[in-house]
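K.L.:
Take the sequence shown: its position 15, counted from the start at 1, is 15 in UniProt numbering, and no numbers get skipped.
No wet-lab data here; the hints were simulated from the structure. Note that the structure is predicted; figures quoted are calculated from it, not measured. Treat the hints with care, as some may be off.
Taking lysine-lysine pairs in the DSBU-like style, the calculated list, with each CA pair at most 30 Å apart, reads [said to hold, decoys possible]: (1) K18 to K5; (2) K5 to K69; (3) K18 to K7; (4) K18 to K28; (5) K18 to K8; (6) K29 to K18; (7) K69 to K28.
Simulated restraints, written as ranges between beta carbons of each label pair [stated by the list, open to error]: (8) L26 to A65: 18 to 24 Å; (9) K18 to V72: 34 to 40 Å; (10) S21 to V72: 33 to 39 Å.
Quick reminder that beta carbons are idealized off the backbone N, C-alpha and C, glycines included.
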Amino acid sequence: MGRGKIKKKKIDDARQVKFSSARANLLKKAHELSVLCDAEVVVVIFSRTRHLYEFASSSVNQVLARYNKCLVEYSEASKLQPEAQVEKSFFAL
Numbered sequence: 001m002g003r004g005k006i007k008k009k010k011i012d013d014a015r016q017v018k019f020s021s022a023r024a025n026l027l028k029k030a031h032e033l034s035v036l037c038d039a040e041v042v043v044v045i046f047s048r049t050r051h052l053y054e055f056a057s058s059s060v061n062q063v064l065a066r067y068n069k070c071l072v073e074y075s076e077a078s079k080l081q082p083e084a085q086v087e088k089s090f091f092a093l
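Just need the whole structure built from these sequences, with the hints factored in.
P.N.:
Dropping the structure here:
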């Protein structure tokens, strides 16, 4: 006995297929980065259909709060210090 035939159907939305594939690959790479480099990683994706997809190696809120804190400190430091000092103090966080 042979296998039954599979009906072929047209892919309705090639962009959606590409988005799903790219999203899966991006989230997989984000997970690999967090594990291999022991890094805190957050990825937030909004599709064109307004669906939310996210990955976080730890709490999303904690990582985003840390990110916002760094932005504030960076903007304050850039007003007061030369460019070289800004980079040094920013990456020391």
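K.L.:
Between K18 and K8, does the CA-CA distance stay at or below 30 Å?
P.N.:
19 Å, holds
K.L.:
So if I understand the rule, the pair passes when the alpha-carbon distance is 30 Å or less; does K5 with K69 pass?
P.N.:
58 Å, violated
K.L.:
Are the Cα positions of K18 and K28 separated by 30 Å at most?
P.N.:
Given that 30 Å is the threshold and the Cα spacing comes to 15 Å, the pair holds.
K.L.:
So if I understand the rule, the pair passes when the alpha-carbon distance is 30 Å or less; does K29 with K18 pass?
P.N.:
16 Å, holds
K.L.:
Is the straight-line distance between the alpha-carbon of K18 and that of K5 30 Å or less?
P.N.:
26 Å, holds
K.L.:
Lying within 34 to 40 Å: is that true of the beta-carbon distance K18 to V72?
P.N.:
Check passed, 37 Å falls within 34 to 40 Å.
K.L.:
Between K69 and K28, does the CA-CA distance stay at or below 30 Å?
P.N.:
Distance of about 27 Å is within 30 Å: holds.
K.L.:
Should the hint that S21 and V72 are 33 to 39 Å apart at their CB atoms be regarded as holding?
P.N.:
37 Å, holds
K.L.:
Check whether the Cα positions of K18 and K7 lie no farther apart than 30 Å.
P.N.:
Distance ~22 Å between K18 and K7 Cα, so the pair holds.
K.L.:
For L26 and A65, compare the CB-CB distance with the range 18 to 24 Å and indicate the outcome.
P.N.:
23 Å, holds
Hint compliance for this structure: hint 2 is the single one not met.
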